[in-house]
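Spelled out from the first residue to the last, the chains are:
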Amino acid sequence: MKQGIFEIIENTALTESVFQMRLRGDTSAITAAGQFVNIQLDGLYLRRPISVCDLDGDVLTIVYKVVGKGTEQMSHMHPGEKLDVLTGLGNGYDLSLSGDKPVLLGGGVGVPPMYLLAKRLIGQGKQVKVILGFNTKAELFYEDAFQALGADVTVTTVDGSYGTKGFVTDALKDMDYTYFYTCGPEPMLKAIYKASNTSGQMSFEKRMGCGFGACMGCSCKTITGYKRICKEGPVMQKEEILWED
Amino acid sequence: MGRLSVNLCGIPLDNPIIPASGTFGFGYEYAELFDINCLGTFSFKGTTKDPRFGNPTPRIAECTAGMINAVGLQNPGVEKVIAEELPKLKKCFHKPVMANVSGFSVPDYAYTCEKLDKEEQVGWLEVNVSCPNVHGGGMSFGTDPKAAAEVTAAVKKVTTKPVIVKLSPNVTDIVSIAKACEDAGADGISLINTMLGMRIDLKTRKPVIANKMGGFSGSAIFPVAVRMVYQVANTVKIPVVGMGGVSGAEDVIEMMLAGATAVEVGAANLVNPFVCRDIIQQLPAVMDKYRINTLSEIIGGAK
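Top line first, the protein sequences correspond to chains G and S.
No gaps in the numbering here: position 211 of the first sequence is 211 in my numbering, and each next residue is one more.
No gaps in the numbering here: position 265 of the second sequence is 1265 in my numbering, and each next residue is one more.
The following block holds chain G by itself, in its conformation from the complex:
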């Protein structure tokens, strides 16, 4: 983990409520796709944890959805403004288990961490399939970005307004894959847990205090003991997950 001051170099809307922010600073603490950063914002006490979407030298990309005060404030920031960011938080995805044909499933604002993961897997010569799930066409983002990486992309929308009608699991059914990686809302993770016929890794979200393992605010129970989502997570192996209800 490192603390650094990052300069905003871009902050653009991808949809009505989803924004892409590029930040320049010391990214050396970020070691894996699926890690997150924790951003301090003026006037708000706690930092905001946001997953890493892409990394290119000293440029960090995050994609966030406006869901509350913090993300609302971020959406009004401009290039040139600076942010205090803790980087290199969480474990991230383990690429070594992917096999030759991994499938990556991102749901809504769970799509961003799949980007750096896809980029790195493709860099290793893997045949990467990506399933992006949204409620409706208006929420769609990053389909072209994944295609540009060379991934085989399927989009699902719940209302059928774009791509395959249904959930990401509907697209997963007939797919041939060696392993899965996913991030998204918990009902989606549960559905993938049941529908998948291979092992895989899932990224979880929980309300955090510090984001670096000190406060025990985001603990959860797993088959292998108590874990902190921010420190031993957010990525869990399918086999260790204990669903709370």
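Hints were generated in silico from the structure; no laboratory data involved.
Quick caveat: nothing in here was measured; it's all calculated off a predicted structure.
No false leads were mixed into what you were given.
Covered by chain G, per the in silico footprint, the following chain S stretches (three or more residues, Cβ under 8 Å): (1) 1023-1036; (2) 1057-1069; (3) 1269-1283.
These stretches of chain G come out as covered by chain S in the derived footprint (C-beta under 8 Å, 3 or more residues): (4) 38-47; (5) 206-220.
Glycine included, every Cβ here is placed at the ideal spot set by N, Cα and C.
Given chain G's structure and the hints, the job is docking chain S onto it.
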């Protein structure tokens, strides 16, 4: 003796800065960020007789200038703390450490303190009778002078190390509780623990915290903490450790003027993990600004 040094219950501290229990783990997460030996000491994660997972999540809620937590004393239990956490702590911290202890009965407190008393690196026992997040324990001892005194006396019997009793602000008369602990043999008093608070989500109309209520901390509670430290320090003769919303060097000086011998820093660590190091670095310049020669001379200086 440096300008920043103080003496807490017979043990010298290089400076009065102590990360508060529950915000600093067992030190090693922070040791990855900076050399934690710059601290006066730190109070490690609240330890109980048996392992505890703590409360359901969400355990955290944000507030204006602060936060609410309802962690509920998650810890691996005293046996594992001694076997697994203290050896890791010892590798990164080479000064006496403050052991923070909680319990659900008087014998619980005594059991845990007796075990920790045998650990060489433990300098002080900070006995938490003030956790707002566990039912039937913690705070119920800290809201009644008799119960607080009973815990104090039981712990004193099993240890020769200084016993600092950590008090709750969620009481009508904190002075009577502090006095009862002093009379029962406490070597010091630390205060304040978090204030009982609550947030409600307007969208769901439900409490934000799964446990409904939790402990409010952060800079918003600082004036309450200063007031209570002042009241207690003017009543007891034993040292007082002040805490509650401290987030900068000037807060430390204010707390010491109110009567604190040493100062704990809690929630601020969770926002800026370097805050204690930064405060220690900034103290000499801030002391110069207010024409303070040594910190020990200002303790209780506000009359």
